Amino acid sequence: MDLIKRKGDPSSGLTDDNRNKEDLSETIEEMREKLVKLVQEKGISDSEVVVLSQRLDEYLVQFQIRMSEKFSK
11 MDLIKRKGDP SSGLTDDNRN KEDLSETIEE MREKLVKLVQ EKGISDSEVV
61 VLSQRLDEYL VQFQIRMSEK FSK
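Counting with the numbering used here, you get residues 11 to 83 for the letters of the sequence shown.
I should point out that these hints are in silico values taken from the structure, not numbers from a laboratory. Hints are all accurate, no fakes.
Straight-line C-alpha distance at most 27 Å; calculated DSSO-like pairs for lysine-lysine:
1. K44 x K31
2. K80 x K31
3. K47 x K31
Ranges of calculated distance between the beta carbons of each label pair, as one might list FRET restraints:
4. I54 x F81: 31 to 37 Å
5. E79 x E51: 33 to 39 Å
6. S82 x E51: 37 to 43 Å
7. E36 x Q64: 16 to 22 Å
8. E79 x E43: 23 to 29 Å
9. S82 x I38: 19 to 25 Å
10. E36 x S63: 14 to 20 Å
11. V60 x E39: 18 to 24 Å
12. E43 x M77: 20 to 26 Å
13. S55 x K80: 35 to 41 Å
Remember, it's a predicted structure, so these values are computed and weren't measured experimentally. Backbone N, C-alpha and C define an ideal beta-carbon position, used for all residues, glycine too.
Taking the hints into account, I'd like the entire structure generated from these sequences.
Below, the structure is given as C-alpha coordinates:
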(Lines of atoms letter the chains of each structure in order from A and count residues from 1; the text may use other names and numbers.)
(Lines give C-alpha, C1' and ligand atoms only; values in the text may rest on other atoms or scores of the structure.)
Protein backbone atom coordinates (compact mmCIF):
# COMPACT_ATOMS: atom_id res chain seq x y z
CA MET A 1 0.00 0.00 0.00
CA ASP A 2 1.49 3.29 -1.05
CA LEU A 3 1.04 6.58 0.72
CA ILE A 4 -2.27 8.17 -0.07
CA LYS A 5 -1.86 11.41 -1.99
CA ARG A 6 -4.50 14.04 -1.30
CA LYS A 7 -4.76 17.47 -2.76
CA GLY A 8 -4.84 19.94 0.08
CA ASP A 9 -6.99 22.99 0.19
CA PRO A 10 -4.64 25.99 -0.02
CA SER A 11 -6.83 27.82 2.47
CA SER A 12 -6.39 25.04 5.05
CA GLY A 13 -3.04 26.42 6.19
CA LEU A 14 -1.42 22.98 6.06
CA THR A 15 2.10 22.75 4.75
CA ASP A 16 3.15 19.89 2.46
CA ASP A 17 5.04 18.40 5.41
CA ASN A 18 1.93 18.44 7.59
CA ARG A 19 -0.15 16.90 4.82
CA ASN A 20 2.46 14.18 4.35
CA LYS A 21 2.34 13.39 8.08
CA GLU A 22 -1.45 13.31 7.95
CA ASP A 23 -1.36 11.00 4.92
CA LEU A 24 1.16 8.74 6.62
CA SER A 25 -0.95 8.63 9.77
CA GLU A 26 -4.06 7.72 7.77
CA THR A 27 -2.16 5.04 5.86
CA ILE A 28 -0.91 3.55 9.13
CA GLU A 29 -4.44 3.43 10.52
CA GLU A 30 -5.80 1.78 7.36
CA MET A 31 -3.02 -0.80 7.39
CA ARG A 32 -3.58 -1.50 11.09
CA GLU A 33 -7.29 -2.11 10.51
CA LYS A 34 -6.53 -4.42 7.59
CA LEU A 35 -3.97 -6.30 9.67
CA VAL A 36 -6.46 -6.86 12.50
CA LYS A 37 -9.01 -8.30 10.06
CA LEU A 38 -6.39 -10.43 8.34
CA VAL A 39 -5.21 -11.90 11.65
CA GLN A 40 -8.80 -12.77 12.54
CA GLU A 41 -9.29 -14.47 9.17
CA LYS A 42 -5.96 -16.23 8.67
CA GLY A 43 -4.18 -16.37 12.01
CA ILE A 44 -1.09 -14.65 13.28
CA SER A 45 1.49 -16.83 11.52
CA ASP A 46 0.05 -16.63 8.00
CA SER A 47 2.63 -15.34 5.51
CA GLU A 48 0.32 -12.56 4.28
CA VAL A 49 -0.15 -11.38 7.88
CA VAL A 50 3.61 -11.40 8.49
CA VAL A 51 4.30 -9.39 5.31
CA LEU A 52 1.63 -6.79 6.12
CA SER A 53 2.90 -6.53 9.68
CA GLN A 54 6.42 -5.89 8.43
CA ARG A 55 5.20 -3.22 6.01
CA LEU A 56 3.22 -1.58 8.80
CA ASP A 57 6.38 -1.57 10.93
CA GLU A 58 8.21 0.27 8.15
CA TYR A 59 5.50 2.95 8.00
CA LEU A 60 5.57 3.31 11.79
CA VAL A 61 9.33 3.84 11.71
CA GLN A 62 8.90 6.49 8.98
CA PHE A 63 6.28 8.23 11.10
CA GLN A 64 8.50 8.15 14.19
CA ILE A 65 11.41 9.59 12.23
CA ARG A 66 9.25 12.43 10.91
CA MET A 67 7.92 13.18 14.37
CA SER A 68 11.38 13.21 15.91
CA GLU A 69 12.57 15.57 13.15
CA LYS A 70 9.66 17.87 13.98
CA PHE A 71 10.59 18.04 17.64
CA SER A 72 14.33 18.35 17.07
CA LYS A 73 13.95 21.59 15.06
